[in-house]
Structure formats: structure tokens, C-alpha cells
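*Asks:* Residues per chain are reported as follows:
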Amino acid sequence: MAVIDIPRKDLVVVENLKKYFPVRSGLLQHVSAWVKAVDNVSFSIREGETFGLVGESGCGKTTIGRTILQLTPATGGSVFFDGEDIFAKKGAELKRLRRNMQIVFQDPYSSLDPRVPVGETIAEGLQIHGIGTSKERAEIVTQMLATVGLNPYHARRYPHEFSGGQRQRIGIARALALRPKFIVCDEPVSALDVSIQSQVLNLLKKLQAEFGLTYLFIAHNLSVVEHISDRIGVMYLGKIVEVTDRETLYRNPLHPYTQALLSAIPIPNPRLKRSRIVLTGDVPSPLNPPPGCRFHTRCPVAKTICREAEPAFAEKQPDHWVACHLV
Amino acid sequence: MTIAAKALGAPSRAEDTTQESQLKVVARRFFRHKLAVVSVILLFIIFSASLLAPVITTFPRDAVDVSSSERPAPPGAISSDGRLHILGVDHLGRDLFTRVLFAARVSLSIAFMVVLISETFGALLGALAGFYGGRTDMILSRINEFMLTIPQLPILLIISAILLKRDVVLPLPGFVNKLLSALLLAPEREAQKVVVLVLILVIFGWLSAFRLMRDMALTLSKQDFVEALRAVGASDARIILRHIIPNGLAPILVNASLSLGGIIVLESALSFLGLGVQDPTPTWGNMLDFARAYMFKHPWLPLVPGIPLVIVSIGFNFIGDGLRDALDPRLKR
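Protein chains in written order, with the working numbering: chain A, 1029 to 1355; chain B, 6 to 338.
Treat the hints with care, as some may be off.
Claimed, not checked - Derived contacts from chain B toward chain A, CB cut-off under 8 Å, selection only:
#1 Ala233
#2 Arg235
#3 Gly238
#4 Ala239
#5 His248
#6 Asn252
As the list claims (entries may be wrong) - Below, simulated SDA-like cross-link-like pairs (lysine to any residue); rule was C-alpha separation at most 25 Å, straight line:
#7 Lys227/B to Gln1194/A
#8 Lys1118/A to Glu232/B
#9 Lys1123/A to Glu232/B
#10 Lys1117/A to Ser1106/A
#11 Lys227/B to Phe1190/A
#12 Lys1117/A to Gly238/B
#13 Lys227/B to Gln1134/A
#14 Lys1344/A to Arg1036/A
#15 Lys1234/A to Phe1190/A
These aren't lab readings, by the way, just hints derived from the structure by calculation.
Cβ coordinates follow ideal geometry from the N, Cα and C atoms, glycine included.
The following block holds chain A by itself, in its conformation from the complex (with noise of 0.2 Å):
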């Protein structure tokens, strides 16, 4: 059982949320079907943790990161941000909202203005919102590049002249300028080599306890989120099928998906054999889910049930939500 201590508070909580994108199609583009990138997703991030978000590509969990931030309007559901609800903001109070809410990109390259200096980059966000004088502003760019690793000189170059782990870095610093609580990784180390990806993880950490941040990790790689994240989502087609703290999720994974996505994390010993479940078939479109629950096509252990009815998604264990039928 993992160890609760005293429950902390929820810092950002999403409720039903949807995020459908229009296909239009003809020539009066008439929306003709929705695409459900995200549907119904409801789960809570609590402050000062990890929250881990994993699944395979396309399953929308790069659109839940950037609906929570309004980067993109949701189709439905709310998202509270310390008991506000953001949605429901607009103009100066969503800017004002922004300050505690940041991003970290999965490409290094297109996430810095190229013809920007990095130093540039960085103070824009402290600009925007007013915040101190221009040489406070370059005092906290020095302090920003020193905490990420870089060097103070640094901040009047351009982004071509650094490598992927250190654009990472400037993309971690322009985040932590404006002093967030919340910042959402999405896939913040998979464009990175392997040696790179444990320094920038590390380097996440380390400001994690410095800062007292709250991250919500947006990531497909398994082992990359064990590492990192104190509890943990598993997103399948748009939905969200389980959710709980790391320990418990990698010791006793309850939903089919989670199990056979865990039995295809590769060992490194060629020599120890392991069931593994293999799934067959693609993941389905978006465009059409399938009815009932949405993994039954692909499920190992699916029954009629799961064809006719979508599974809630409930508590099954404490603090162990899964949507599933079967558990």
C-alpha cells in the first residue's frame, strides 16, 4: 500500500472535460463528424506532486496539457485552477491566471522564437505581466539560465546555437520565470537523446522541491514516467481508464490496457523471459469510438457487457480509479 500522509489539496481539477475537433468536409466546409480527442475526462492534480499522463500517440493527452491551459477552447467540462474555475475566465483575469499556469514543449526547436534571443525569450513573459524594471527583469533571466545550467552570457544568443538539451533547459527557464505553481511537461524529453532525458528529468525534480512546483507529465515512454511521477493517469482513445499512485499502478495494475501497456516495458536482460500481453489489431479512430467500453476491440478479456455498456469510472480500490467492467 503506498504511504498516504496527510491528503493534500487538490490544485487542479478536471471534470468532464471534452475536447471534440470538427471535420469539415465539402465545399462549404459543413462540420460532417467530430473527431473526440478527448472525452469525458475527469481526474485531479494534487499540489506539489506528479502527475503522470501516459498512452499511445493520438490518444489526446497532449490536448488535455493544452486545454487545462486554454491554449485550446474546450467543448466541454471545467477545469478548477486552486478552486477557480478557468474556463470561466477571460481577458485580464486569464492573464492574470496564466502567471501560475506554464508550459514545457516536446520540441526544443519549435517551442523558441528563432530570431529571439534566448535572454529575450525568457523576460517576455515578465514583461507581459509588468514585472519588475528592465534590469530586474535581466537580473532574473541570470538567475533563470544558472538554475536551469546554463551560463549568464548565454542569454543573448540565438536558439540555433544551442543543442536540444539546452533548448530544453531555455524552455524550462521561460516556464519557471513567471514563478508558476503549475507547469504541464508535455513530453518534455522524448525529442532527447537517452543521457540527455535523465538530466533534464533530473533537473525537473530538482526544481520540483525547489520551487515546490506541481507538474502534470505528459509522457509515452513507461519508464520515464515511473521515474518521475507520484500518481498516474493512463489515457486509451480520448478517455482516461486508470488512475493511481505509481506504486500501486506498476505493482497491481487493474484495467486490461494498463496491464498489457506494463508487460511491454522491455527488460534490459535479454536473457529473462516474461509473459506479455500482446494486443492485436490498431488503435481506433477517433472519428468513429467504438460503443461501449472503448478498448473492448482490442481487449483479451472482453465480455458482451463491455460491447453494450461504457464502465464508469469508479474507485475500486482507495484511491485506485479504473473504468473497466471487469474489476
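Since chain A is already given, all that's left is putting chain B on it; use the hints.
*Replies:* What follows is chain B alone, placed relative to chain A:
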């Protein structure tokens, strides 16, 4: 040799002494382009001559040497009061050297005004279309495409025939009129007509800048750094003006340089057809128009405005090429 040595020596990462500003790098790359440098020098000479036109010319712009027996007269002709006509006189007995310099002033001013206005206008609209997409893009792009498909010259001829043949008075503030008149070395009434022509040329001038900036904005606005800017609370105006447009500026600058040559030729074409700038305001185009009737007997007449016209339009093209290479941020050194 030195270039190769520089390219081989990896930029030092430990200290920051070798750091060059972006502008220096661009300048150094530009100066490697020989034809562009030659063009800059030639254009500089023509620009200076046109700027100094009132100082270096010895005759008033419209002074007619009535007593001159031979009209047009060849280069080196002597005026009735014993002064030298360096490039001869035209069919009315006006000094060609004087007129070609004043014409340079007018032709170049028109080109710069048209390009400045239309590139700015096109780039702004293009950035809006590419950034917002959807209906904004739809409407602006269709207008743009429609205007690209219709033949420009006949439309321009019709519009200038309507507007230039009558006295259109533009509601410009007095100091702008004075400024234009000083720039064009022409009375305010003539300057006004030149401005009308500038506006006519802008009608089709913005099209390529729009397309270039729209395409740039379309790809740029999908980049993560734009999302990052949104996440820190940047306004749309800030994102467009400080990030999208600066990133898309390189092709616009190249396009501006290339179209400067094009506009000079287009203005000359209109003036040549008698529908551009009207006599007595000289431009290279209307000078060519007058020369047409005499060109077989007096072949230097078309050459006087023709040679600078060719140099300027080719020169701007070479400069555009040089800029294109120099401004590419992916070419490192």
C-alpha cells in the same frame, strides 16, 4: 582562404568574445555576393546624383533653350548662352542631363513609396490571414487571388486614365505636401499627381507580400513558441507584430528589393504609354516616351533615361539575390 579558415574554426563555446551581432553576420554574407555589391555601388552613385540634382545641374528643370537651332541636340551641344549641355537637349530644347537627374528623383521616389506602402500593407494583411486562418484568411486570400488573376496593365491604364487626366486633390496635410514637393523637386500640384500614381501602383503592389507573409504566418503560428507566448499571456497583437512578422520579414525584404526594380519598370511603362507621370514632371518613363519619336535619328535620346533604368532595375534584382542569401538564418557563417 580566410573564409574557409573561419568556417573550419568552430565558434568557441567557452567564452563570449567571438559573438557577432546578427546584423554583422548578415552584412558579411551580403558582401560576399559580388554582383550585389557592384549593384549597391552603382545604385549609390545614381542615388547620390539624384539627391544632389539641384546642385550639380546647371539648368532649371523646365528651362527651354529657345534659340538652340538643333532640337533635339546631341551630347556636348552648347547652349545659346555658351553653356555645355552634357547630354544634349530634348525635342523641346530642355537640358537632358538636368532632366534625367530630376527624373531619377521622381522614378526612385515613386518606387520606394510604392514598395514601402505595399510591402507593409501586404505583410500586415498576410500576417493577419495566416495567423487567424479561418474566415479572415478565406476572405483575404480570395481577394488576393482574384486580383492576381486579372491582368494588371489594362486595369492600371484604365484607373490612371480616369484619375490622372483630371485634377484629383488628395486630402493630405500641408507639411506632407511640402515634404513630397521637396522630395520630388516638383511643385505641389505635380507632387499630388505622383502620389495618385503611387496609390494606383499599390493596388496591385501588395499581392506578393501578402502571399509570402501569409504562408510564413501560417507555418509560424503552428509552432510551439506561439503557444508558449499565449501561455505567458501575450496578446495577439504582440505575437503578430513582435514574433510572426519579424520571422517572416526576410522574404519580404527580398521581395521588396526585387519589386523595386519591377515598380520602376512598371511606372516607366505607364509613363511611356502616356498614362503615368505627366510632363513637365520628368520620369525615366515619360522621357522614353518623348524619345520614341526621334530614336532612329537621335539614338542617344532613349539611352539617356534607358541606361539608368536598366542599371537600377537589374541592380535591385542582384541586391535582392544577395539579401536572400544573407538573410537565411540557417546558413551559419
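*Asks:* Now look at each hint and say whether the structure bears it out.
*Replies:* Verification of the hints:
1. Ala233: With Cβ-Cβ at 6 Å, under 8 Å, it holds.
2. Arg235: Since chain A brings a Cβ to about 6 Å from Arg235/B, closer than 8 Å, the hint holds.
3. Gly238: 4 Å, holds
4. Ala239: 6 Å, holds
5. His248: 5 Å, holds
6. Asn252: At about 5 Å, which falls below the 8 Å cut-off, the nearest Cβ of chain A leaves the hint on Asn252/B intact, so it holds.
7. Lys227/B to Gln1194/A: At roughly 22 Å apart (the allowed maximum being 25 Å), Gln1194/A and Lys227/B satisfy the hint.
8. Lys1118/A to Glu232/B: 17 Å, holds
9. Lys1123/A to Glu232/B: Holds: Lys1123/A and Glu232/B sit about 14 Å apart, inside 25 Å.
10. Lys1117/A to Ser1106/A: Status holds; Cα separation ~11 Å.
11. Lys227/B to Phe1190/A: Within the cut-off at roughly 22 Å; holds.
12. Lys1117/A to Gly238/B: With a Cα-Cα distance of about 13 Å, the restraint between Lys1117/A and Gly238/B holds, given a limit of 25 Å.
13. Lys227/B to Gln1134/A: Distance ~14 Å between Lys227/B and Gln1134/A Cα, so the pair holds.
14. Lys1344/A to Arg1036/A: Distance of about 21 Å is within 25 Å: holds.
15. Lys1234/A to Phe1190/A: 22 Å, holds
This entry satisfies every hint, going by the numbered hints stated previously.
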